[in-house]
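Asker: Sequence:
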Amino acid sequence: MANAITEEAVQKTVYEALPQFGVDEGDITREATFEDLDVDSLDLAELSQIIEDEYGVALKGDDVGKIKTVGDAIDLVVQKGA
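Residue 51 in my numbering sits at position 48 of the sequence shown, with consecutive numbering throughout.
It is possible that some hints are incorrect.
Claimed, not checked - Result set (DSSO-like, lysine-lysine): computed pairs, CA atoms no more than 27 Å apart in a straight line: (1) 83 with 15; (2) 71 with 15; (3) 63 with 83.
Stated by the list, open to error - DEER-style ranges, computed between Cβ atoms: (4) 85 with 27: 15 to 23 Å; (5) 44 with 18: 28 to 36 Å; (6) 27 with 53: 12 to 20 Å; (7) 56 with 10: 13 to 21 Å; (8) 36 with 10: 16 to 24 Å; (9) 48 with 78: 12 to 20 Å; (10) 85 with 25: 18 to 26 Å.
Rather than coming from a laboratory, the hints here were simulated on the basis of the structure. Keep in mind the model is a prediction, meaning the values are calculated, not measured. Ideal Cβ positions, reconstructed from N, Cα and C, are used throughout, including at glycine.
Let the hints inform the model, and build the full structure from the sequences given.
Answerer: Now the structure itself:
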């Protein structure tokens, strides 16, 4: 069963996942862009898979292309899971 999709839960998942892509935990904020965090498209695809596994929300290519900041990713998952 997928976990509850709340903003807090998704934020926790994203914040915990980003360091595995080489992101310094201190740099992670909702306003941080993935470009500034040196997270590339392959990393975003992997993050999307983590989110899908955790919440059952699939982020397709068009969705991922719209994501610029950490907050964008969190908001999109919450919106799609509603």
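Asker: None of the hints should be skipped; say for each whether it holds.
Answerer: The hints, checked one at a time:
Of the supplied pair hints, the one linking residue 83 and residue 15 holds, its CA atoms being roughly 17 Å apart against a limit of 27 Å. With a CA separation close to 18 Å, the supplied pair residue 71 and residue 15 stays within the 27 Å bound. A C-alpha spacing of about 11 Å is found between residue 63 and residue 83, which places the hinted pair at or below 27 Å, so the restraint holds. The given range of 15 to 23 Å is broken by residue 85 and residue 27, whose C-beta atoms sit roughly 31 Å from each other.
A hinted range of 28 to 36 Å is violated for the C-beta pair residue 44 and residue 18, which are about 20 Å apart. For residue 27 and residue 53, the hinted distance range of 12 to 20 Å is satisfied, since their beta carbons lie about 19 Å from each other. Here the CB-CB span from residue 56 to residue 10 is close to 19 Å, well matched to the stated 13 to 21 Å. Range check, residue 36 to residue 10: about 19 Å between beta-carbon atoms, so the 16 to 24 Å window is met.
With their beta carbons about 19 Å apart, residue 48 and residue 78 fall inside the hinted range of 12 to 20 Å. Between residue 85 and residue 25, the C-beta spacing of about 31 Å breaks the proposed range 18 to 26 Å.
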